[in-house]
Amino acid sequence: QMQLQESGPGLVKPSETLSLTCSVTGGSISSPSYYWDWIRQPPGKGLEWIGSIHYSGNTYYNASLKSRLTISVDTSKNQVSLSLTSVAAADTALYYCARRGVAAGWVDPWGQGTLVIVSS
Amino acid sequence: DIQMTQSPSSVSASVGDRVTITCRASQGISRWLAWYQQKPGKAPKLLIYTASTLQGGVPSRFSGSGSGTDFTLTISSLQPEDFATYYCQQANSFPITFGQGTRLEIK
Numbered sequence: 001q002m003q004l005q006e007s008g009p010g011l012v013k014p015s016e017t018l019s020l021t022c023s024v025t026g027g028s029i030s031s032p033s034y035y036w037d038w039i040r041q042p043p044g045k046g047l048e049w050i051g052s053i054h055y056s057g058n059t060y061y062n063a064s065l066k067s068r069l070t071i072s073v074d075t076s077k078n079q080v081s082l083s084l085t086s087v088a089a090a091d092t093a094l095y096y097c098a099r100r101g102v103a104a105g106w107v108d109p110w111g112q113g114t115l116v117i118v119s120s
Numbered sequence: 001d002i003q004m005t006q007s008p009s010s011v012s013a014s015v016g017d018r019v020t021i022t023c024r025a026s027q028g029i030s031r032w033l034a035w036y037q038q039k040p041g042k043a044p045k046l047l048i049y050t051a052s053t054l055q056g057g058v059p060s061r062f063s064g065s066g067s068g069t070d071f072t073l074t075i076s077s078l079q080p081e082d083f084a085t086y087y088c089q090q091a092n093s094f095p096i097t098f099g100q101g102t103r104l105e106i107k
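Residue numbers (my numbering), protein chains in the order written: chain U, 1 to 120; chain Z, 1 to 107.
Please note that a few of the clues may not be correct.
[As the list claims (entries may be wrong)] FRET-style restraints, in silico, Cβ to Cβ:
| hint | chain 1 | residue 1 | chain 2 | residue 2 | range |
| --- | --- | --- | --- | --- | --- |
| 1 | U | M2 | Z | L54 | 16 to 24 Å |
| 2 | U | G27 | Z | G41 | 24 to 32 Å |
| 3 | Z | T22 | U | G101 | 18 to 26 Å |
| 4 | Z | T74 | U | S31 | 16 to 24 Å |
| 5 | Z | A13 | U | A88 | 32 to 40 Å |
| 6 | U | E16 | Z | V58 | 38 to 46 Å |
| 7 | U | S83 | Z | Q3 | 23 to 31 Å |
| 8 | Z | Q3 | U | A104 | 18 to 26 Å |
| 9 | Z | G41 | U | S31 | 38 to 46 Å |
Derived by calculation from the structure, the hints in this document are not laboratory data. Keep in mind that this is a model prediction, so the values were computed, not measured. The beta-carbon is built from N, C-alpha and C at its ideal position, and this holds for glycine as well.
Model the full structure from these sequences, guided by the hints.
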């Protein structure tokens, strides 16, 4: 059974860079049938799609974050990474890594999520 | 971007009740709609996709319907474990977007 696990610092200072890694086990990240997504959820609020990457390297970003966002894939490590620069308090959220079908865009499975707080 | 609007934002119900949650898309999305259940402290769980197809292991008391712009999630007889927040998501086009969520609370 595929599992996704997010990791990274839980506290980031304003104006610095948020970096997270998603490790995938129980399946290959190199399947052409899936995207690997980052989705975030501010405390007590709803879900926001951040961006997606295909194992081929093709990326798709939320327009509101595009100027600050980089998503990359390391197929040798079966990992996906997220980098968000110049963070502010509004970037405080639970960050999820998830798999989404290319042909059918349902998100499943999800990682457990990692809370990132932006504060000095 | 396609906007997804859920109603109600919250609903109180009792065990055994029938509950319906509505999701409206700002433009037609055919049947490219999914529903998720999220419990406190947990990641969302896929319940239904293509508007009405139950994900494996999801109880049959859950059902989905709709196409185009209007969709519903129905729970036929609420069980204690169903009290959670529910989200719809459109998969018709990038960027994927979610509804704001419907919190289902115990009356």
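### Task
Just pull the numbers of the violated hints for me, sorted ascending.
Violated: hints 4 and 9.
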